[in-house]
Amino acid sequence: MFSGLRIFKEGLTGNTGWSPHWRDPAPKAEYDAVIIGGGGHGLSTAYYLAKNHRMTNIAVLEKGYIGSGNIGRNTTIIRANYYLPGNSEFYSHSLKLWEGLEQELNYNAMVSQRGVINLFHSDGQRDAFVRRGNAMRAQGDDAELLDPEGVRRYLPYLDFDNTRFPIYGGLLHARGGTARHDAVAWGYARGADRLGVDLIQNCEVTGIDIESGVVRGVQTARGPIKAKKVSIVTAGRSGQVAALAGLRLPIESHVLQAFVTEGLKPCIDHVVSFGMGHFYISQSDKGGLVFGGDLDFYASYAQRGNLPMAEHVMEAGMTLMPMIGKAKVLRSWGGIMDMTPDGSPIIDKTDTYGLFLDCGWCYGGFKAVPASGYALAHLMATGVPHETARGFRLDRFRDGHGLMDEEGTGAQHNLH
Amino acid sequence: MVDLEAKKPCAGLLPVAHPGTELVEVDLGALTSIAPFAGQQDAVSVALQNAYRLGFPAPNRTTGTKDRRLIWFGRQMVLLAGPAPAAALQKNAALTDQTDAWASVSLSGNRAEDVLARLVPIDLRRAQFGTGHTARTLLGHMNASITRTGADRFLILVFRSMAVTLVHDLNQAMEAVAARR
Amino acid sequence: MRIDGKGLVDRSSPIRFQFDGIGHTGFAGDTFASALLAKGQRLMARSFKYHRPRGVMTAGSEEPNALVTVGTGAAQEPNLRATTLEIYHGLEVRSQNAWPSLSFDVMAVNDALWPFLGAGFYYKTFMWPRSFWEHLYEPLIRRAAGLGALSGQSVAERYEKAFAFCDLLVIGAGPTGLMAALTAGRAGADVILADEDSLPGGRLNAERHAVGDMAGSDWAAQATVELRAMPNVRVMTRTCVTGAYDQGTYGALERGAGAPQPGRPRETFWRIVAKRSVLAAGALERQIAFADNDRPGIMTAGAVRAYLNRWGVAAGRRVAVFGNNNDAHRTALDLRAAGVEVVALIDPRPKASGPKGDFPLYAGAMVEGTRGWLGLREITVKTGGGIVRLAVDCLAVSGGWNPTVHLTCHMNGKPTWCDAIASFVPTPGAVPGLVAAGACAGAFSTAACLAAGAQAARDALAEIGVTSAPPDVPEADDTPYRIEPFWAVPGAGRAWLDYQNDVTLKDIKQAATENFRSVEHMKRYTTQGMATDQGKNSNVAALALLADATGRGIPETGNTTFRPPYTPVSIAAMGAGGQGMGFAPRRFTTSHAASVQRDAPMVEAGLWYRPSYFPAAGETTWREACDREVRLVREKVGVCDVSTLGKIDIQGPDAATFLDIVYTNTFSTLQVGRVRYGLMLREDGHVMDDGTSARLGETHFLMTTTTAAAGLVLRHLEFVHQALRPDLDVRFASVTEQWAQFAVAGPKSRTLLNDLLDRPLDNETWPFMTCGPITLGGVEGRLFRISFSGEHAYEIAVPARFGASLFDTLVARAEALGGGAYGMEALNVLRIEKGHLTHAEIHGATTAFDIGFDRMVSANKDCIGKTMAARPGLTDPNRQQLVGLRPLDRAVELTAGAHLFDRAAPARRAHDQGYVTSVAFSPTLGHAIGLGFLSRGRDRHGEVVRVVDALRGKETLAEVCPPVFVDPQGGRLRG
Amino acid sequence: MRLTCPLCGDRDRREFYYRGAAVALHRPAPDAGVAAWDDYVHLRDNPAGETRDLWHHEAGCGAWLVVTRHTVTHAVLEVALAQDEGAAG
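Chains as they are written, first to last, in our numbering: chain A, 152 to 567; chain B, 7 to 187; chain C, 1235 to 2209; chain D, 939 to 1027.
Treat the hints as calculated values from the structure; they're not laboratory data. The beta carbon of each residue, even a glycine, is placed where N, CA and C say it ideally should be. There are no misleading hints in this set.
Over 10 Å on every C-beta distance to chain D, these chain C residues come out as not near it, computed from the model: (1) Ala1703; (2) Trp1856; (3) Arg2186; (4) Gln2203.
Here are the simulated BS3-like pairs of lysine-lysine, each with C-alpha atoms no more than 30 Å apart in a straight line: (5) C:Lys1358 / A:Lys160; (6) C:Lys1283 / A:Lys416; (7) A:Lys214 / C:Lys1648; (8) B:Lys13 / B:Lys72; (9) C:Lys1358 / A:Lys247; (10) B:Lys14 / B:Lys72; (11) A:Lys160 / C:Lys1743; (12) C:Lys1283 / C:Lys1743; (13) A:Lys179 / A:Lys379; (14) C:Lys2188 / A:Lys247; (15) A:Lys247 / A:Lys500.
Let the sequences and hints guide you as you build the complete structure.
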């Protein structure tokens, strides 16, 4: 049990009583269920399988180390500000899970509900944000419309006078905010481990065994493992892993860059996003400005970004809030995004009995971590989709029912 | 009846000069884009030769002189600058009047290359981009046509509506280059 | 302490500057660090977590400790490295992250609490009660964290970006880089030599090595002169290459020198494209972990030599040297030669034999601890003969040198462990086209560097077909570098690794205990290597110690990834040009000045500016103006600039066939001189855009697009042609900019035009949806009888040079007829009254079926998007369909973005039936009207729905009706 | 990233617009069936390796290009005009 008291006691006794946050077990020959991918979604799936469905003979198979994928390569934003049915209820659920996460896991993931403000810059954009805000309210989440003066009260440092696209107002989502990304992975890992889940690192899956349309297990770098149920939870590599089961997915992989500056005294207290170019920013508790923008736009697995997009992101920052100009970018990185034709994810069964998919998170995967695991665990355990994730069907593109194209950019993967 | 008055794209904006560079608006005369139809490029080339004694320019090249010039303008397209298009061209190519579509400026001076290096993502130094070379590329965030018309002189075209941004961007770069020494 | 006669600073140029309000004097060539050290000031900063007093540790951009703030007001710049900050007259420097003062910082209480603040302690507490995180814990943590502060004001200085191209980029101007640049320059290659320092030479300026028959620094100066004289070589000092990107692209940051000057950019961010590059970035010295190894006065040995040899500054009066390699020994010799007292040379290698000097050499000994809170006073040395305490004010430490491999890792390359130097070296080929040479490749002697630089340049040039003569490489020191790995002194106290982030050896061990054994886990759990130096000083040691703690070798332990930028880059530099209006081009119509003159507020429409409304005398609100403008169009005649709509010239024998492919409806049947409304789908079956196309000739069409989609549609046409139907003979040219086009709308529109046109119009030859050439005052233009307002209307186009003049003329004539100019607000009302659509409705997720245009999808031909539009989900009768909305209470307004619910249903998602897209007050009808999408809407005309705008706290009931409010039969536009 | 446009030469990535996999060149017949159209519009091989995709030299000559390149190394192997690769290819 982690607590302030424990820290105090350990501090007085030389910090000798700490133990591993999770075990490093050898893989067993057989599990009831195997989750491929030890990222945020895979770990939360394992946790909720064990916690909600009492499935404890399960393993998470991770190619590298726990949390080595996008859970550690994002801009740490959590929010429930989607507007289309399917997304709306899911992200709403996720935010509720975030709100109790640390107590649930006994791990401080620094969930900080500091408020997300989406700025808009024209009447048309305002109308679209009002539509969104009203959908959020109808879902039971919070949303507040800010006029320019309202924005100024929260964000006095924006350039209100000389910016290329003047600020018409903003949509405030007070319960949105940030979380410490790595700690989310570690908290779920520790939680799952305590419930008996085997977290197996350095265990790449090299094959998925299927007989007569039924999944039987997986081949791994550490030998074959039998399993009655297998889930592919490998956003960023979904296509490669799904191909092991003969699946071709509606996914194209793209790099999304993010940036962090040197530590600074507090200057940005919210999550702020610009409406006329992809740019969003917040300040970490350590003081670094964490910000990002749009995809690099070409299919890539390289986990690194290109200069033109980096420059574009910084130019957007300079037109919106030129007070950040003298902050220095310390580090940039690129995550690999599963981009789908409508910009929304997939949590579904496959045509192979016992084989499940959780993928296509585009660049909304971090905020979805709790609810994705919750929903996938439900689907794996019960065979039916969780009520908050019924919209994430794999076949929606083929039949056109329930597309969730929040951006309205259509079936071009990189435009979402 | 009405008497319409013509206004230039950069009216009131130019000229500007800084140590080492000068920017002026230029009047190129009529501008006509010529896009040969399928298989007609040779025919168009002959027509151009007959009408103006100008060859159909290869990609990234310009032919002609100040008064009559053919500027390669992109895939399957050249821009005729100066005279009105000869009727003979009509049957072999799509001709489109572009006279008013572009703001045309000339940047000159011994620091002109340095100025453009702040805005244009291609190598415009003389050894790479000599007189008679042209490029479709970017200038800042604007699509542009850039042609070297002399040892230290460039012809720059961007959309007419962007004249203010063109002059602003170039002027800023000219100032910055001048301030360097 | 400044040493007479030493160093490269200009003693004849004293420079006055301030630190925390106290005046100091240095010399031209000094950094802030060297000038302060010359005054004997060691304390310069505080650490991040424990607020420990800190002094300068290095002499370069990798400095982890001595970070300061410069300037005030908008010019305030935090987190500058004292070690690279060149002093200038009037420079004002302030310490940061300390309160109330640098020498007395109350937050240093954290240092006493260290047992409770170890690695990752915050993950284990601050969880109760839940609401305390945002309200108590987090604000406290945020205030304590951070380094310097931004001013909160907009940047006022200029920054810029630039492009450069070369055959060979040489990164680093030390012996390797200078020799590479000389070799390539002499061969005639196009060379850029970039170095982050203000003075080329690298370690040649910091050591006493000779090159050929002259001092190394003199050789560097001479080489620089030669290079600067070559027209094919650009020497870029103060320019740090910060990132390696694909296909030979590099990012580089150039700092402006000296005091800020008006007009002169503070920084320039370069994008350098190089056919080949030589990385000659040198090496960085690492520390040794021992108890309290972070006190002001403890520095790298190389830094002590640099301050001595380059800046003529003794970093202390009584100096000890502690190092595990022969290189460190030179420190003692250099100091002694300059007359500085060397208290001891301590080498942990039992068999170390050092240089002979008048100082004791302790072989097999190690520094166990130190004392001195604000500055080093004493070190404790464990020797074979027992513990020795030595009074010193400076300790020069060397744990060995780490090649600066960073750029070779920017494209996901992993460096290779090299036992000989106990560090990582670049893996060849990690960055295509880049070769690492000299110290950054593990060759540490000056002679080896010179040779490697020459060879690397020759090899690189050979690859791009440039031959070079075998270079004349001068002779130089070739002393072998001998090192035995030595990472940490055993002992109990806290031994720092990452100085700035206060990560100690204990933290690494605790991370390992808690199973953060992967190097990435260790980094993220302890924050090791995440400070502003990104682990340049400490990562290698930290992972060696992690390897030790986990019982693995260093190669298996692996390392974290170096990512761009190599040194931090200001957002203002990389985002230069974006501030203010520079973010995107501004597009102005020809009528802009006239609109502004008429006091019209100009609003952004994509990149364009358009007039919102034209206020008349006595009008105090936009609504008054808008209502008047709507009425004048409906009753008289209005003029509106519509030039921003996209116009695409389409010509060719197959033009008509082509349009049949991109439009849902048929254009091949359109008569010459006629215009038709067209609908365009994306291949996924949703509506892409709409607009009219006019047939100007048998093989000549003019397509119009919406303002926002002009570029997108042209790109789409080119795609369909080039990628799908290259067999069709058709050509496109954007003519949006060629024509200034104005809507002339209203019952008196023809009257107005007939006053102007050289040949008058009549309804027979110019019925609705016709087009043709016209002349006015001899100017050739085009006329289209089309209508977005629903009135009898035309759009008249003239070459753009006449646009301003024509607008003035049209407005004047309209005013004479009781009409006038109208803006975007009125345009919007007019189109909503008519149920015409914009991107509020065609927002990318609607289908032709949704907007009631499914009959426009021709059954007789294929078109883009047709097949996918037939998917069951896109033709589901339950889809939300376009409807009109009228409030039951005619006095209330509707609001766009409100959602629609059944009259009796709660306003919850499960009952959501649709939403309002566009609203207007209709002066024609005298009440509010709206357009929206409603589930099964077309079947529900006459029903009453609940319209809920929870955001605005508004709710009303509205009647569902057809989406055309005015003149549904279209009599007005045909009349 | 830089691409060598067959018409303009070596150019910075910022001049180009990216569309997606070159599968878009091979538009199915209207009656090809649901699966063929789903394949065309939605499904992707998405290789971690060599791929062919479509780019538009939007800020240059206006040509649509088929680029053969590697999605892990970003090496560009070939750039061809879409007009030559399209319906025929």
